[in-house]
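Peer 1: Residues per chain are reported as follows:
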Amino acid sequence: MITGPLITIVDDDDSVRESLPDLLMELGFAVHAFSSREEFLASDSVRETKCLLLDVDMPSMSGPGLQLELRRRQQEIPIVFITGHGDESVRPSLLKQGAVDCLFKPFSETALLAALNAALQSSFKGRAKCAMDYEQV
Amino acid sequence: MLRIMGAYQETTQVQSEHSRVVDALPGLVWTALPDGQVDSVNQRWIEYTGRSLEETRGWGWQSAIYPDDLPGLLTRWRSTLASGEASEIETRLRRFDGEYRWFQLCSFPLRDDDGHIVRWCVLETDVDDRKRDEALLTGEKRVLEMLAWGYSFPVVLDALCRLVEDTTTGCYCSVVLVDLTGTHLEHGAAPSLPASFITSIIGRPVNLDSGPCAMAAYLNEQVIAPDLTSETRWAEYEWCPMAMAHGLKACWSTPISSTTGKVLGAFAIYYDKPRTPTPVQQSLINRFTHIASIAIERAQSDAALKTSEARKAAILNSALDCIVTIDHEGCITEFNPAAERTFGHRRDDVMGKQLADVIIPPSFQERHRRGFARYLSTGEAHMLGRRVEMTALRADGTEFPVELAITRTPIDGPASFTGYLRDITVRKQAEEELRRSEAFLAEGQRLSRTGSFSWRVATDEITWSEELYRIFEFDQRVQVTLELIGTRVHPDDVPLMRDMIDRARGAGSDFEYEHRLLMPDQSVKYVHMVGHGIRHNDGRLEYIGAAQDVTQHRLSEEALGKARSELAHMARVTTLGMLTASIAHEVNQPLSGIITNASTCMRMLAADPPNVDGARETARRTIRDGNRASDVITRLRALFGKDGPTTESVVLNEATQEVIALSLSELRRSRVILRTELADDLPPVRGDRVQIQQVILNLLLNASDAMSGIDDRPRHLVIRTERDQGDQVRLTVQDSGVGFEPQTVDSLFEAFYTTKSSGMGIGLSVSRSIVESHHGRIWASPNDGPGATFSFSIPTSSVGVATESGPGAERMSAVTKANG
Numbered sequence: 001m002i003t004g005p006l007i008t009i010v011d012d013d014d015s016v017r018e019s020l021p022d023l024l025m026e027l028g029f030a031v032h033a034f035s036s037r038e039e040f041l042a043s044d045s046v047r048e049t050k051c052l053l054l055d056v057d058m059p060s061m062s063g064p065g066l067q068l069e070l071r072r073r074q075q076e077i078p079i080v081f082i083t084g085h086g087d088e089s090v091r092p093s094l095l096k097q098g099a100v101d102c103l104f105k106p107f108s109e110t111a112l113l114a115a116l117n118a119a120l121q122s123s124f125k126g127r128a129k130c131a132m133d134y135e136q137v
Numbered sequence: 001m002l003r004i005m006g007a008y009q010e011t012t013q014v015q016s017e018h019s020r021v022v023d024a025l026p027g028l029v030w031t032a033l034p035d036g037q038v039d040s041v042n043q044r045w046i047e048y049t050g051r052s053l054e055e056t057r058g059w060g061w062q063s064a065i066y067p068d069d070l071p072g073l074l075t076r077w078r079s080t081l082a083s084g085e086a087s088e089i090e091t092r093l094r095r096f097d098g099e100y101r102w103f104q105l106c107s108f109p110l111r112d113d114d115g116h117i118v119r120w121c122v123l124e125t126d127v128d129d130r131k132r133d134e135a136l137l138t139g140e141k142r143v144l145e146m147l148a149w150g151y152s153f154p155v156v157l158d159a160l161c162r163l164v165e166d167t168t169t170g171c172y173c174s175v176v177l178v179d180l181t182g183t184h185l186e187h188g189a190a191p192s193l194p195a196s197f198i199t200s201i202i203g204r205p206v207n208l209d210s211g212p213c214a215m216a217a218y219l220n221e222q223v224i225a226p227d228l229t230s231e232t233r234w235a236e237y238e239w240c241p242m243a244m245a246h247g248l249k250a251c252w253s254t255p256i257s258s259t260t261g262k263v264l265g266a267f268a269i270y271y272d273k274p275r276t277p278t279p280v281q282q283s284l285i286n287r288f289t290h291i292a293s294i295a296i297e298r299a300q301s302d303a304a305l306k307t308s309e310a311r312k313a314a315i316l317n318s319a320l321d322c323i324v325t326i327d328h329e330g331c332i333t334e335f336n337p338a339a340e341r342t343f344g345h346r347r348d349d350v351m352g353k354q355l356a357d358v359i360i361p362p363s364f365q366e367r368h369r370r371g372f373a374r375y376l377s378t379g380e381a382h383m384l385g386r387r388v389e390m391t392a393l394r395a396d397g398t399e400f401p402v403e404l405a406i407t408r409t410p411i412d413g414p415a416s417f418t419g420y421l422r423d424i425t426v427r428k429q430a431e432e433e434l435r436r437s438e439a440f441l442a443e444g445q446r447l448s449r450t451g452s453f454s455w456r457v458a459t460d461e462i463t464w465s466e467e468l469y470r471i472f473e474f475d476q477r478v479q480v481t482l483e484l485i486g487t488r489v490h491p492d493d494v495p496l497m498r499d500m501i502d503r504a505r506g507a508g509s510d511f512e513y514e515h516r517l518l519m520p521d522q523s524v525k526y527v528h529m530v531g532h533g534i535r536h537n538d539g540r541l542e543y544i545g546a547a548q549d550v551t552q553h554r555l556s557e558e559a560l561g562k563a564r565s566e567l568a569h570m571a572r573v574t575t576l577g578m579l580t581a582s583i584a585h586e587v588n589q590p591l592s593g594i595i596t597n598a599s600t601c602m603r604m605l606a607a608d609p610p611n612v613d614g615a616r617e618t619a620r621r622t623i624r625d626g627n628r629a630s631d632v633i634t635r636l637r638a639l640f641g642k643d644g645p646t647t648e649s650v651v652l653n654e655a656t657q658e659v660i661a662l663s664l665s666e667l668r669r670s671r672v673i674l675r676t677e678l679a680d681d682l683p684p685v686r687g688d689r690v691q692i693q694q695v696i697l698n699l700l701l702n703a704s705d706a707m708s709g710i711d712d713r714p715r716h717l718v719i720r721t722e723r724d725q726g727d728q729v730r731l732t733v734q735d736s737g738v739g740f741e742p743q744t745v746d747s748l749f750e751a752f753y754t755t756k757s758s759g760m761g762i763g764l765s766v767s768r769s770i771v772e773s774h775h776g777r778i779w780a781s782p783n784d785g786p787g788a789t790f791s792f793s794i795p796t797s798s799v800g801v802a803t804e805s806g807p808g809a810e811r812m813s814a815v816t817k818a819n820g
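Protein chains in written order, with our numbering: chain A, 1 to 137; chain P, 1 to 820.
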């Protein structure tokens with residue numbers, strides 16, 4: 001079985017961590033799920049992850065907070081936010097801050113795949129850009 | 001001696017010649033032997049004395065001498081004989097009729113050729129008139145001196161009487177006075193008359209009948225009673241028998257008149273034998289009467305002067321003001337006790353000193369001297385007759401303010417001045433205090449934009465403080481009237497003001513209200529007025545009050561109110577939004593799980609081979625998440641259901657007052673005049689306090705809204721609580737707003753029915769639900785006049801106790817209806 005790129009899920013909701021990995025594996029991705037950012041940041045997944053599915057609203061560090069922390073660590077992981085609040089107004093600011101997409105629960109398989117594809121493409125570009133940067137150095 | 005006698009006899013011819021000459025001399029003559037024995041007298045002696053030569057010869061002449069004068073005369077006579085020198089002696093000689101007259105006795109010796117004294121010749125000249133005049137003059141002089149020296153009045157009159165008695169031998173003299181009322185006689189003087197006689201005369205009325213003195217005083221004419229034995233007058237008062245009982249037989253009474261002709265008293269001469277005054281006596285009487293009048297007038301003016309002096313002294317001594325007099329040289333001539341106290345100088349120490357040196361501070365002394373000198377030389381007065389304030393100096397050197405008035409003493413001669421000074425330190429301080437507190441008040445009024453006023457209701461006299469003029473922007477010189485005030489009051493608020501004035505006029509109770517002013521530049525001011533009614537003793541009503549410019553306050557309050565309502569709106573919207581978000585989140589989570597799991601399940605089943613176990617697992621999760629969503633809904637329902645009504649004992653008046661307190665600023669902003677009439681003895685009701693308050697608030701705000709467009713009449717709102725029939729209590733809210741059409745009364749309480757442009761029309765509907773859930777009743781009725789009345793009544797707690805579930809269930813349905 002071909003193992004696809006690693007998708008990491010950070011969400012404090014049990015049902016999301018339970019159902020989403022199964023679906024992503026059915027779609028051919030490798031999946032890691034964490035219930036908090038701290039767990040994620042402490043793991044090896046930080047380096048392996050090609051796309052981060054991140055819950056906007058969680059206790060302790062918020063989604064955008066994690067994004068900033070990753071940038072500080074120079075871990076440019078494409079992020080797709082997911083949120084349970086039907087508040088469309090948060091979307092523009094999240095995208096502006098560099099998120100690839102923002103999915104509103106409940107989201108369809110199609111929407112999920114589109115977001116992941118976009119994320120993985122940006123991840124590839126980012127990687128290529130990084131390689132160029134290294135060559136220049 | 002014998003030889004001489006012989007020679008004398010030998011010349012009888014010559015002697016008879018001599019006798020004729022001697023008899024012709026204008027005086028009494030006798031001759032005496034060198035040893036002093038009289039040997040001849042002339043014819044005039046015999047005629048005057050009524051004594052013959054035989055009776056006179058030798059030492060017989062002594063019987064003609066006034067007994068009192070005799071010893072002195074004999075001594076002088078012997079010494080003359082011894083000395084052999086001529087001499088002059090004065091003595092009184094008895095006339096044939098018993099009257100004594102003064103004579104001057106000139107004795108000279110006749111000597112023979114050898115120088116031996118052969119005879120003494122004595123020439124006696126009548127000097128009685130001269131002597132009497134002299135005595136009289138001396139006496140008069142003495143009496144006048146006594147007057148001048150200030151002898152007491154009775155002493156002077158006494159001396160006068162004695163003088164008369166001395167001058168006029170054999171008489172008794174008295175002076176009676178007319179009393180102040182002019183009706184009765186008073187004692188003056190009577191040194192030689194018996195006390196019983198005097199007592200009898202004193203107190204007799206001044207009339208024709210009570211006696212000669214009374215008659216003389218009454219008629220202002222001399223009354224002569226030459227012989228009391230034959231006198232018929234004054235019988236009514238039995239005066240003559242009384243006088244005769246005292247041995248008196250004649251009375252001459254002469255009135256004593258003042259220079260202005262007023263009768264002061266009477267001067268009386270009495271004799272113990274009948275007599276009529278001789279012309280000489282008459283003239284004497286006139287002189288004495290004159291002296292008596294001088295004495296009496298003097299005594300009276302002295303008494304008046306003494307009284308006036310005493311008064312002056314009393315004034316000086318008890319005056320609260322300092323009184324200082326100075327003479328034309330500026331020297332102090334009087335310094336009263338108040339001045340002593342005020343200036344700290346003793347009178348004795350400053351009398352005669354320069355005023356300038358004593359009480360005028362050094363810095364003012366030169367000015368004082370110049371002014372004083374100018375006045376004396378030119379008569380130009382700057383200070384006289386004016387009340388001035390200046391600085392004075394105390395003995396201890398301290399200076400203090402005085403008020404001073406100087407007058408020139410109105411007397412002849414060199415100028416003299418009286419200064420009245422008053423220490424005005426305290427007054428100055430009080431004035432300063434007053435000025436300061438007034439300044440504070442004015443400043444306080446200015447800072448707080450508060451003016452004060454008084455309004456005398458009966459006369460409509462209005463007094464304003466400065467600040468009030470500033471607030472109303474009137475010139476302070478104009479007289480404030482209600483009409484004038486009316487020109488500033490905002491047209492919309494004129495009914496409010498009229499209403500206030502009408503109430504104030506009638507009741508006299510305190511008032512408080514707020515209205516707007518429309519200023520000439522079209523700006524609007526808000527004025528808050530408070531008036532306190534005072535009923536004076538005479539029944540007049542006066543309001544004292546304050547008016548504050550609360551424009552800033554009101555504007556910020558309005559801004560605040562607007563912000564508050566915006567905020568309330570925001571809060572409502574936000575609450576709703578948050579509620580929605582919360583519900584959405586709770587539901588979206590399981591929905592998300594359901595969809596994801598369903599997608600997974602389909603993928604697993606579509607795989608080749610199908611992952612049935614996985615699909616079963618994901619299907620199981622889908623069911624679980626479905627249940628979870630259902631639980632969320634259940635929880636939400638429970639959340640709403642949790643805020644159910646409580647049942648407690650509610651005191652309607654308290655609940656009402658809380659609502660009024662909450663909505664007071666809203667009502668004030670809407671310029672509603674609220675009157676509460678809460679009955680005292682209402683039993684409590686049973687129910688949900690907050691719900692009941694919502695109903696009251698709803699009725700109150702509806703009433704206020706109904707009056708928001710009313711500007712032609714006061715916006716009266718009455719809240720009344722009272723007992724209703726059947727153990728119910730009723731609350732009524734009565735407005736004077738737009739009211740409603742009678743035919744709409746049934747639809748008023750239906751949901752979504754509204755007369756307002758901005759309103760959902762659910763308030764009254766909800767109110768009805770709440771009232772009905774309390775087993776009560778709510779209804780509306782139009783007023784007789786403008787406006788409407790809304791009332792509800794609910795049972796007291798003693799009657800229908802609502803069940804726990806009852807009101808809650810009803811309310812839920814009401815809310816549902818409202819929401820629906």
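Worth flagging that the hints you see were computed from the coordinates, not collected in a lab.
Built from N, CA and C at the ideal position, the CB exists for glycine as well.
Wrong hints could be hidden among the right ones.
Residues of chain P placed beyond 10 Å of chain A at every Cβ, according to the derived structure [what the hints assert, rightly or not]: (1) Cys-121; (2) Glu-134; (3) Leu-316.
Listed next, with one range per pair, are the computed distances between beta-carbon atoms [unchecked claim]: (4) P:Arg-470 / A:Gln-97: 56 to 66 Å; (5) A:Gly-98 / P:Ser-448: 51 to 61 Å; (6) P:Gln-694 / A:Gln-97: 56 to 66 Å.
Peer 1: Output the indices of the hints that this structure fails to meet, ascending.
Peer 2: 6
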